[in-house]
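A.B. asks: First to last, the protein sequences are chains A and B.
For the first sequence, the residue numbers in the working numbering are 1 to 112.
For the second sequence, the residue numbers in the working numbering are 1 to 112.
It should be emphasised that the hints constitute simulated quantities derived from the structure, not laboratory data.
A virtual CB, placed ideally from N, CA and C, is assigned to each residue, including glycine.
Hints are supplied without guarantee of correctness; some may be wrong.
Claimed, not checked - Which residues of chain B face chain A? A few of them, derived with a C-beta cut under 8 Å, are:
1) K38
2) E41
3) F45
4) L46
5) P81
6) G85
7) L88
8) G95
9) N96
10) G98
11) L100
Below are the chains, spelled out letter by letter.
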Amino acid sequence: SQTIHQWPATLVQPVGSPLSLECTVEGTSNPNLYWYRQAAGRGLQLLFYSVGIGQISSEVPQNLSASRPQDRQFILSSKKLLLSDSGFYLCASRRAGANVLTFGAGSRLTVL
Amino acid sequence: SQELEQSPQSLIVQEGKNLTINCTSSKTLYGLYWYKQKYGEGLIFLMMLQKGGEEKSHEKITAKLDEKKQQSSLHITASQPSHAGIYLCGADYSGNTGKLIFGQGTTLQVKP
Chain A
1 SQTIHQWPAT LVQPVGSPLS LECTVEGTSN PNLYWYRQAA GRGLQLLFYS
51 VGIGQISSEV PQNLSASRPQ DRQFILSSKK LLLSDSGFYL CASRRAGANV
101 LTFGAGSRLT VL
Chain B
1 SQELEQSPQS LIVQEGKNLT INCTSSKTLY GLYWYKQKYG EGLIFLMMLQ
51 KGGEEKSHEK ITAKLDEKKQ QSSLHITASQ PSHAGIYLCG ADYSGNTGKL
101 IFGQGTTLQV KP
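With these hints in hand, go ahead and build the complete structure from the sequences.
C.D. replies: Below is the structure:
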């Protein structure tokens with residue numbers, strides 16, 4: 001079965017600072033990868049979706065970007081954080097040919 | 001308005017009681033997923049339903065999808081404190097891409 005690692009688990013950053021959240025997947029090859037954000041009062045929202053290396057689809061307009069430099073590595077970034085970027089960021093993976101999304105443990109970002 | 005509505009938003013039950021959580025979609029969905037989340041943690045997959053009228057069970061949890069594929073229910077029999085958490089339904093509207101739209105979640109507390 002696949003395992004998803006996310007780090008850092010917790011991050012406190014000032015407004016205007018850069019961001020890098022990393023997600024790596026073990027136990028599968030060529031997965032579909034997803035970044036979701038869970039913000040207070042707003043539920044779980046899909047941010048980015050990737051079907052392969054270098055292939056990123058942005059689902060909502062925002063201050064964030066994503067990259068997939070390797071098959072099982074998915075990175076969420078920002079050049080300048082906003083207060084509204086605070087939230088709980090979840091990486092998910094779906095094995096090729098499977099239906100189910102498996103989620104990582106999440107990274108909690110607080111922007112002050 | 002939300003594409004996917006969950007009800008109730010929160011629920012407090014006595015240990016041993018049965019309960020039902022509902023998930024209603026504004027349009028026909030391709031697949032319906034149920035997840036459980038402990039606060040501040042990742043999502044744990046419970047069940048997936050794809051066919052109209054489908055019903056699945058795992059231990060004391062049963063999920064159903066109606067014939068029109070627009071409404072699902074999650075039923076817990078003889079609830080236990082271990083059932084406490086946030087239950088989320090997610091819908092795939094885009095043909096098995098894994099790009100799930102989630103409901104707002106139902107927070108369940110089970111009193112011993």
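A.B. asks: Of the hints stated earlier, which fail here?
C.D. replies: Of the numbered hints given earlier, those the structure breaks are 1, 4, 5, 6, 8, listed in rising order.
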